[in-house]
Amino acid sequence: MSDSLHELLVRHVDAGTMPGAVGTYGDEYEPFSVGLDAPGGAPLGVDTIFRIQSMTKVVIAVATLRLVQDGEIALDDPIAAWLPELAEPRVLAHPDAPLEDAQPARGPITVRHLLTNQSGCGIMTTDSPLKQAMVDAEVEAGAEPVALGAQDWLDALAPLPLAFEPGEGWRYHHSFGLLGILLGRLGRGSTDEVLAETVFTPAGMTDTGFTVPTDQVHRLPAVFQRGAEGFERCEPAAAGFYAAPAPFDVSHSELVSTLADYHAFLSALRDGRVISPDLRDELCRDQVDEGAKASDSFFPGFWEGTGWGYGVSVVTEGPHHGRFGWSGGLGTDFFVDPDGRICLVMMQVAMDERVFALLGELRGIEGA
Numbered sequence: 001m002s003d004s005l006h007e008l009l010v011r012h013v014d015a016g017t018m019p020g021a022v023g024t025y026g027d028e029y030e031p032f033s034v035g036l037d038a039p040g041g042a043p044l045g046v047d048t049i050f051r052i053q054s055m056t057k058v059v060i061a062v063a064t065l066r067l068v069q070d071g072e073i074a075l076d077d078p079i080a081a082w083l084p085e086l087a088e089p090r091v092l093a094h095p096d097a098p099l100e101d102a103q104p105a106r107g108p109i110t111v112r113h114l115l116t117n118q119s120g121c122g123i124m125t126t127d128s129p130l131k132q133a134m135v136d137a138e139v140e141a142g143a144e145p146v147a148l149g150a151q152d153w154l155d156a157l158a159p160l161p162l163a164f165e166p167g168e169g170w171r172y173h174h175s176f177g178l179l180g181i182l183l184g185r186l187g188r189g190s191t192d193e194v195l196a197e198t199v200f201t202p203a204g205m206t207d208t209g210f211t212v213p214t215d216q217v218h219r220l221p222a223v224f225q226r227g228a229e230g231f232e233r234c235e236p237a238a239a240g241f242y243a244a245p246a247p248f249d250v251s252h253s254e255l256v257s258t259l260a261d262y263h264a265f266l267s268a269l270r271d272g273r274v275i276s277p278d279l280r281d282e283l284c285r286d287q288v289d290e291g292a293k294a295s296d297s298f299f300p301g302f303w304e305g306t307g308w309g310y311g312v313s314v315v316t317e318g319p320h321h322g323r324f325g326w327s328g329g330l331g332t333d334f335f336v337d338p339d340g341r342i343c344l345v346m347m348q349v350a351m352d353e354r355v356f357a358l359l360g361e362l363r364g365i366e367g368a
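Numbering-wise (the UniProt record's numbering), the sequence shown opens with residue 1 and increments by one.
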């Protein structure tokens, strides 16, 4: 166990950043837990099932790359073969332009564009007509679970123009919802079945999926956010959106997982057991040209010393050059160091200044 990670999490529990957390960091899997599953609750178990939100993206990416490795799809295949709703995309002259000014795209959206968040679909960071249109269509990304089933979500998103020509910009999130739907349209079964075949089973992930089975739902904790008088519950324990059965087709949504499962996934990825070492190296290499890294494409300073691979951010300079990882929206986070050490933290608290500060400190710790 990494003493530095344990000390960091204990300090933040004591400071009230979160009720509790689980973690591991080092060459081996050595899990530990600190704090409680809720204010005044029980000790947080290391076998807790967490909503991992955007840590889903690299799982979807690896499943896609496994199919690339098997020759079933190619990185530069146009996605219209499986997502005909996006066969004729229109593009804005610039991301803040009026919607009526959109023109036909010069080229198709490809699988590679989805993996690199360069499809033209994604979170809008300014108060633009496109952002308002996404709000009105109920497809704007946020901390809440998706409001529409996969087909309804796609039908609402597809008519909206792209923020830029495919491959010429970067916007977060929606590309991976599209990729999740695409996986279920390949003729190999549902998205769940494709993920099981390509990732979950090879990696030994027994508690990961889009929902928590009824007989395991007692392991799903509540989600909290910070209010004026302390933590406020914003999603219930053992119930809610992620408790089986799913309310609708959630192939565009995000997963639940455990510390052990996600560590098993990262170990299998690191060791070349789910995709080849060559594809793994491509996954954790910066795939975004400098010209596409607009300062307003995400939060301020995001691109400083950072790149984006396939479903992960990549450290491109400094003492941790070559490290790759990503965060979920409820305090889950991972990174893999160039020497193979895996750092993984899970909690269930909405992101705020204190959680961001914790994750910032996490980037500087050293493993065992």
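Derived by calculation from the structure, the hints in this document are not laboratory data. Built from N, CA and C at the ideal position, the CB exists for glycine as well. Treat the hints with care, as some may be off.
Using C-beta positions, here's what the derived DEER-type ranges look like [said to hold, decoys possible]:
1) Asp278 / His321: 19 to 25 Å
2) Ala143 / Arg285: 45 to 51 Å
3) Ala147 / Gly230: 25 to 31 Å
4) Ala147 / Ser190: 19 to 25 Å
5) Asp215 / Pro277: 35 to 41 Å
6) Glu317 / His94: 46 to 52 Å
7) Asp281 / Glu317: 44 to 50 Å
8) Ala15 / Glu193: 42 to 48 Å
9) Gly16 / Leu186: 24 to 30 Å
10) Ala15 / Gly187: 48 to 54 Å
SDA-like, lysine to any residue: derived pairs with alpha carbons at most 25 Å apart [as the list claims (entries may be wrong)]:
11) Lys293 / Gln151
12) Lys131 / Met351
13) Lys293 / Glu229
14) Lys293 / Gly272
15) Lys293 / Gly240
16) Lys293 / Asp77
17) Lys293 / Asp337
18) Lys131 / Pro338
19) Lys131 / Asp76
20) Lys131 / Thr110
21) Lys131 / Arg90
22) Lys131 / Asp77
23) Lys293 / Asp249
24) Lys131 / Ala80
25) Lys293 / Gly329
26) Lys131 / Glu165
27) Lys293 / Asp271
28) Lys293 / Arg273
29) Lys293 / Asp207
30) Lys293 / Ser190
31) Lys293 / Asp152
32) Lys131 / Gly189
33) Lys293 / Thr110
34) Lys293 / Ser276
35) Lys293 / Phe356
36) Lys131 / Gly301
37) Lys293 / Glu168
38) Lys293 / Asp76
39) Lys293 / Pro104
40) Lys131 / Tyr29
Pair hint Lys293 and Asp77, alpha-carbon separation not exceeding 25 Å
holds (23 Å)
Decide if the proposed pair is consistent with the structure: Lys293 and Asp337, CA atoms, cutoff 25 Å inclusive.
holds (24 Å)
Can the restraint linking Lys293 and Glu168 be considered satisfied, given a maximum Cα separation of 25 Å?
holds (9 Å)
Is it true that Ala15 and Glu193 lie within 42 to 48 Å of each other by Cβ?
At 43 Å between Cβs, range holds.
Pair hint Lys293 and Gln151, alpha-carbon separation not exceeding 25 Å
violated (31 Å)
Is the straight-line distance between the alpha-carbon of Lys131 and that of Pro338 25 Å or less?
violated (38 Å)
Measuring from beta carbon to beta carbon, are Asp278 and His321 in 19 to 25 Å?
holds (20 Å)
C-beta pair Gly16, Leu186: status relative to the range 24 to 30 Å that was hinted:
For Gly16 and Leu186 the Cβ distance comes to about 46 Å; the hint is violated.
Take a quick look at whether Lys131 and Thr110 sit within 25 Å of each other, Cα to Cα.
Measuring from Cα to Cα gives roughly 23 Å; hence the hint holds.
Distance restraint between Lys293 and Asp207, which requires alpha-carbon spacing of 25 Å or less
Violated, at about 36 Å.
Is the hinted pair Lys131 and Ala80 satisfied, with a Cα-Cα distance of at most 25 Å?
Cα-Cα ~24 Å, so holds.
Taken at face value, is the distance from the CA of Thr110 to the CA of Lys293 at most 25 Å?
holds (19 Å)
Violation of the numbered hints given earlier is confined to hints 2, 6, 7, 9, 11, 13, 14, 15, 18, 19, 22, 23, 27, 28, 29, 30, 31, 32, 34, 40; the remaining hints are satisfied by the structure.
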